[in-house]
Amino acid sequence: MNWSVALPEIVLACCGMGILLVGVVQRRNSFHACCMLTVGAFLLAAVLVIAGPRGRGYNGLFIADTFSVFVDVLVLVAAAFAIVSSLDYAEHENLRRFEFPVLMLYSTVGMMVMASASNLMSLYLGLELQALPMFVLAAFARDELRSAEAGLKFFVLGSLASGLLLYGVSLVYGFAASMDFAALARALTDPAHASAGLIVGIVFVLAGLAFEIAAVPFHMWTPDVYEGAPTPITAFISTAPKVAGIALLVRVMATPFGHLLAEWQQIIVLISILSMVLGSLAAIGQRNIKRLMAYSTIGHIGYTLIGLAAGSAAGIRGMLIYLLTYVFMNAGTFACILAMRRRGRRLEQIADLSGLARTDPLLALAFAIFMFSLAGIPPFAGFWGKYFIFTAAVQSGMWTLAIIGVLTSVVGAYYYIRIIKVIYFDAAEEAFDRCPASLAVVAAAGALFTTFFVVFPAPFVAAAEAAARVLIL
Amino acid sequence: MNAVGFPLLSLLTWLPLVGCIIIMVVRGDEATVAANARWTALWTSLVVFALSLVLWARFDTAEAGFQFVEDVAWLPQWGIAYKLGVDGISVLLVLLSTALTPICILASWDAITVRVREFMVAFLVLETMLVGLFVALDFVVFYIFFEGVLIPMYLIIGVWGGPRRVYSAIKFFLFTLTGSVLLLLALLAMWSRAGTTDIPTLLHTPWPASMQLWLFLAFLASFAVKLPMWPVHTWLPDAHVEAPTAGSVVLAGVLLKMGAYGFLRFSVPMLPLASARLAPLMFTLSVIAVVYTSYVALAQTDLKKLVAYSSVAHMGLVTIGIFTFNVQGISGALFQMLSHGIVSAALFLCVGVVYDRMHTRDIARYGGLADRMPMYAFVFMLFTLASMGLPGTSGFVGEFLVLLGAFKVNFWLAMLGSLGMILGCAYMLYLYRRMIFGALTRPELRNILDLTPREVAVFAPLVVLTLWMGVHPTSFSAFWDASVGAMVQSHQAALASAVKLAAGVP
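For the record, the sequence lines run as chains X and A.
Quick note: the first sequence uses the numbering used here, first residue 1, plus one each step.
Quick note: the second sequence uses the numbering used here, first residue 1, plus one each step.
Hints are computed from structural coordinates only; laboratory data are not their basis.
Small disclaimer: the values here were computed from a predicted structure and weren't measured.
A virtual CB, placed ideally from N, CA and C, is assigned to each residue, including glycine.
One or more of the hints may lead you astray.
As the list claims (entries may be wrong) - The list that follows gives simulated cross-link-like pairs (lysine to any residue, SDA-like), each with its CA atoms no further than 25 Å apart:
#1 171/A / 352/X
#2 171/A / 351/X
#3 171/A / 428/X
#4 171/A / 183/X
#5 171/A / 277/X
#6 171/A / 156/X
#7 408/A / 391/A
Stated by the list, open to error - Across the chosen pairs, the derived CB separations fall in these ranges:
#8 26/A / 55/X: 53 to 59 Å
#9 24/A / 24/X: 37 to 43 Å
#10 72/A / 288/X: 50 to 56 Å
#11 24/A / 284/X: 31 to 37 Å
#12 35/A / 437/X: 30 to 36 Å
Next up, chain X with everything else stripped away, as it sits in the complex (with noise of 0.2 Å):
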């Protein structure tokens, strides 16, 4: 057996447990420590992906290939980049406690077995165990009505979801016969052959995936939860999950199902628009900063389905692409929005930001070209997501899609260019608090790669090309 392909999980999952034990053994002050040694263990893994054997293993349930390295190694920087986020966090609300780190890394393995996944059974086991940690991080400030109330929602719904999946695992397993993938792949071949049986177990689990990555229609969970959750949790939920579902998403339904495209295209497209445009027209009444980043990721997972809908090797580039600038955009903002503190308290109102071009230059130009690429304004990284997106589209023929796509990217840019517009335009109001060092490395790293993306794109493209092709048969 083959077990070496899942080295880095199984590495990962054991420094874990070393950690806790760390966090256990020194029971003073071990937050920050297991916080580090978390980074480390991320920063091994994602060594460990990129050297790692390829190929597949344990009875086909497993299987490391570009697509799942290209994965893994951004979900690894997301998850990195939301533990040095919590530090000043975790510091000001008192939530110091070890196990914070350790639940963040066991969900980061989850997400990794996800991008691995090649059966719909090691599908569900790595949805679980990414989804759990989450469901107790969501609630980890306790004494916060707000917090608990996440929590729960995020449980209550996220249980509904899983259900659901599980349903339609058990009806493809039914009417195909197979759990396998490739078997699957190998079944399906002739669209004729799908029952509708099938094709409801393939809706179902669609349904489930489409709850993880808080798309229309099944979005509702999401703008509470982002409120409510410790905002560096926000910032881990907005990322790093994102990016494992969607890879999830594109790997179930191009390797088993993508004979079937016909079948299930439609319903891609119909998330789709429904995503970019609740996504852009919701956020504009926003007053809180979280609330709108939660529509906006909405809206910007309506962009990335783009790419699943158009059915092509461009079409998943496109998403990989989208998704490698959204996480460095993402996290940048949500460090941006953790440094929104005056005199020890958090703030979380657009109002807030007011003036802040005069109190702090720096932190209100790393905001600005933050709103600008998420708007998808170049030269910034997020117009090349954009563009390889709609190159998808365009090439596949889908104008409706493209088109209501970018006239959907106006709306957005608007309420990007207002948050714009309160920074710069606005008198000013008392300064932040001085940006912990955790905070603005996080910040820079995503201003730096935000802004220099356009210089360097090559290499990322090419990754991204690479993993795309490994899943279309």
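Fit chain A to the known structure of chain X by using the hints.
Relative to chain X, chain A alone:
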């Protein structure tokens, strides 16, 4: 690699950003930073201008194709390259951008007092974007600069603008972005067919007639907003009124040329069939713009709004010229672009001069300025006459050539175009009378001062250019004669081959 042996166009494009970095790293108290920012910005833009004169000197006017070409691999597998070059159509627009930037910086020397450092950074970034846009020879590179212009301009209007700056800035941003995103789709459609975004290649790719129509409409959505054409011009008066003087100058002087440049670079040469087919539409919109906005200008009480509406009217003549598809019309359009770039920039500077002193743009608050400000009255008169198209000034040559081209196409087109010129005389002379002549009755104007030496330095080059272009137009039109000739020829060839093709099909 190119005529001068070093990457001149890249240098022109990116040098302003070096100035930005220098400005940003300056430390000290606010006055030091502001002074440093002003001087650094001025010197940077002057160096860029001096370098751009190399273009003027070394440009081969006999060559119709692209010169000073630079080509660096960027995303080679996807047909995208960092490719720059100029031809007769773009070379003078580059010079216009590099010439107006130092003038704008000088004009905002005292007018901008808050956040000077940020202002100068925004302005230099804007210069990078504008130069890059005109020298880009790759559609993606062009698009990046085309949309990138929004960022500094949004900030310039929004931070340093007038009382309704927020509304104007957001309107400006969203109007232009809506047009741009459709341009992006057209770009992608072209790429998916040709496999490259190299502009010279795209210029020689034949596009099927049905596709041309859609591409043309997408281009139109973008360039018409930028130009701006009626009825999507409404952002312009707002943006002009609220923008600081330097912002208005660069907006009228260079940004409006982006749309016309887009028509000349993309719509007409790449899509000859659709251009010919939709030319009546373009003429209609242009004539409405010329006549309607001239009447609107006549009714204005706000100085800047009047000049803004006159810009829309003058740019309407440019589109008339472009879509006549003959040498006179297109040459005239190019001349009108340059002339308008200088004259309207100068008019906005004239507005800025009195606005800085009186802080009002209400025409009724002025009158009889000739007594106190003789030099100002002279400068203002020169540019008023140039804007009207008086022979001997730059405005005449452009308008004359455009109307000549229009006559070849349709009598009524030329007729209505000339009506715009007459109305232009009306509103400009009416404005001049109200501002400069008459008795100086208002007490607050008694102590108004004439032009300062700095303002004279701002106006002097513009005066020289206006007269030079009027008296010896050949020294400018020589640059584009070859390119325009080639363009008209290939346009007619494309139409002829389409006719032949249609006749050949049973």
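Verification of the supplied hints:
Restraint check for residue 171/A and residue 352/X: satisfied, since their Cα atoms lie roughly 24 Å apart, inside the 25 Å limit. Only pairs whose Cα atoms come within 25 Å are accepted, and residue 171/A paired with residue 351/X is accepted, the gap being roughly 21 Å. Taking the CA atoms of residue 171/A and residue 428/X, the gap is near 23 Å; set against the 25 Å cutoff, the hint holds. Under the criterion of a C-alpha separation no larger than 25 Å, the hint pairing residue 171/A with residue 183/X is inconsistent with the structure, at around 55 Å.
Proximity of residue 171/A to residue 277/X is assessed by CA-CA distance (about 21 Å); at most 25 Å being required, the pair is judged to hold. Our distance criterion of 25 Å between C-alpha atoms is broken by residue 171/A and residue 156/X, whose separation comes to about 43 Å. Of the pairs offered as hints, the one joining residue 408/A and residue 391/A holds, with about 22 Å between alpha carbons and a cut-off of 25 Å not exceeded. Between residue 26/A and residue 55/X the beta carbon distance is about 57 Å. The supplied range of 53 to 59 Å therefore holds.
The hinted window of 37 to 43 Å between residue 24/A and residue 24/X is violated, with their beta carbons roughly 48 Å apart. Distance hint check: the CB atoms of residue 72/A and residue 288/X are about 45 Å apart, inconsistent with the given range 50 to 56 Å. Under the hint 31 to 37 Å, the C-beta atoms of residue 24/A and residue 284/X, about 33 Å apart, fit the expected range. As the Cβ distance of residue 35/A to residue 437/X is approximately 33 Å, the hint placing it in 30 to 36 Å holds.
Checked against the numbered hints listed earlier, the structure breaks hints 4, 6, 9 and 10; every other hint is satisfied.
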